[in-house]
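Asks: Sequence:
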Amino acid sequence: MGRRDDSFDHFLKGNALHRAGVRYNEAEALGLFACLPSLLSSDVLAAARGLGDPSAAPIFIVGMPRSGSTLIEQILASHPQVFGAGERTEFGEALMRGLHRDAADPLRLSIDALQDVGAAQLSALGADYLQRMRRALPEIHSAGPDPASSKVPRHSHFTDKYPFNFINVGLIHLALPNARFIHSRRSPLQTCLSIFSRIFHDVPFGYDLGELGRYYRAYDALMAHWRSVLPPGVMMETDYEALVDDFEGNVRRLLAHCGLDWDERCLAFHRTARQVSTASSAQVRRPLYRTSVQRWQPRPALLEPLLEGLGPALVPAGAVSAAGQPNDAAQGTRRP
1 MGRRDDSFDH FLKGNALHRA GVRYNEAEAL GLFACLPSLL SSDVLAAARG LGDPSAAPIF
61 IVGMPRSGST LIEQILASHP QVFGAGERTE FGEALMRGLH RDAADPLRLS IDALQDVGAA
121 QLSALGADYL QRMRRALPEI HSAGPDPASS KVPRHSHFTD KYPFNFINVG LIHLALPNAR
181 FIHSRRSPLQ TCLSIFSRIF HDVPFGYDLG ELGRYYRAYD ALMAHWRSVL PPGVMMETDY
241 EALVDDFEGN VRRLLAHCGL DWDERCLAFH RTARQVSTAS SAQVRRPLYR TSVQRWQPRP
301 ALLEPLLEGL GPALVPAGAV SAAGQPNDAA QGTRRP
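If you use the numbering used here, the sequence shown corresponds to residues 1 to 336, in order.
Taking CB as the label site, the calculated pair distances span: (1) R271 <-> G31: 37 to 47 Å; (2) A34 <-> A268: 40 to 50 Å; (3) Q131 <-> A47: 22 to 32 Å; (4) G311 <-> H10: 22 to 32 Å; (5) G259 <-> L12: 38 to 48 Å; (6) A127 <-> H18: 32 to 42 Å; (7) R135 <-> H10: 37 to 47 Å; (8) S7 <-> A120: 48 to 58 Å; (9) A242 <-> S42: 26 to 36 Å; (10) R265 <-> N178: 17 to 27 Å; (11) E237 <-> I199: 25 to 35 Å; (12) L17 <-> S41: 38 to 48 Å.
Hint data in this document are derived by calculation from the structure and do not stem from the laboratory.
Think of the CB as a built atom: it goes at the ideal place given N, C-alpha and C, for glycine as much as any other residue.
Please take these sequences and the hints and turn them into a complete structure.
Replies: Shown next as structure tokens:
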């Protein structure tokens with residue numbers, strides 16, 4: 001335990017130094033999350049439904065970084081009808097273009113910009129996104145393991161696993177009402193510790209335990225809103241721990257959710273040759289492993305800012321009480 005605590009102390013000191021040089025406005029980020037449910041309420045979504053592009057090609061994999069999204073994409077990309085496009089920012093760019101905003105940072109969606117979205121913009125937004133993706137897909141394919149191949153296979157579906165599209169779920173649904181979402185989840189504590197132990201260029205909230213916990217809590221609340229307002233069958237929740245426990249059963253459910261026929265190759269995802277550019281690239285080259293279900297964690301006292309920030313978002317898998325024991329009381333906090 002002492003060595004693990006010493007190791008975590010190095011993470012704390014190193015991340016504190018890194019945080020000092022990172023620009024992150026917590027009030028702005030969490031304020032947007034808090035306003036989205038009223039801007040994109042069930043009534044708003046119902047009134048604007050059917051205005052978008054009818055394509056069912058996109059499969060959006062959303063969630064926090066380090067939650068298992070790369071594994072989900074690798075499984076789906078092993079299906080002959082699915083192209084794994086990786087982490088794409090085209091939707092945010094299309095949104096900013098449609099709103100005549102600067103697209104340099106698609107994540108910086110202002111409340112005023114969202115209020116400007118109307119029927120005309122929604123009807124064009126989905127088509128613009130699809131056009132951007134169609135232009136990009138041949139380039140993505142040529143950068144894969146067989147760059148000499150000039151033939152780009154035709155796929156009926158493609159995945160877009162930019163994790164922060166969880167912010168855009170409501171708008172994506174309006175722009176692409178037949179697209180499917182897969183919400184990739186993992187134990188909040190393990191997700192946050194994994195983020196905290198790495199340097200990401202687009203995760204400015206990941207270097208302070210309190211900020212990380214509060215961000216996760218706001219993300220969890222926003223996903224609960226999307227879950228409550230989306231029509232049945234649009235979004236599927238996939239827990240990493242459940243995927244490991246019943247792999248074939250969950251793969252079958254994933255394919256059915258996306259309207260895909262069963263294909264055995266999805267079970268052998270590690271044999272699929274494709275470029276993976278995330279921190280999990282080495283892991284999806286191996287058969288399914290259980291070592292990431294419960295990884296090491298320091299004493300709860302060192303995690304106090306994170307646990308306090310997570311609050312009710314803390315779920316039983318991986319959760320600890322103040323005494324260092326499994327937090328059975330947290331079982332009631334998990335949403336279906």
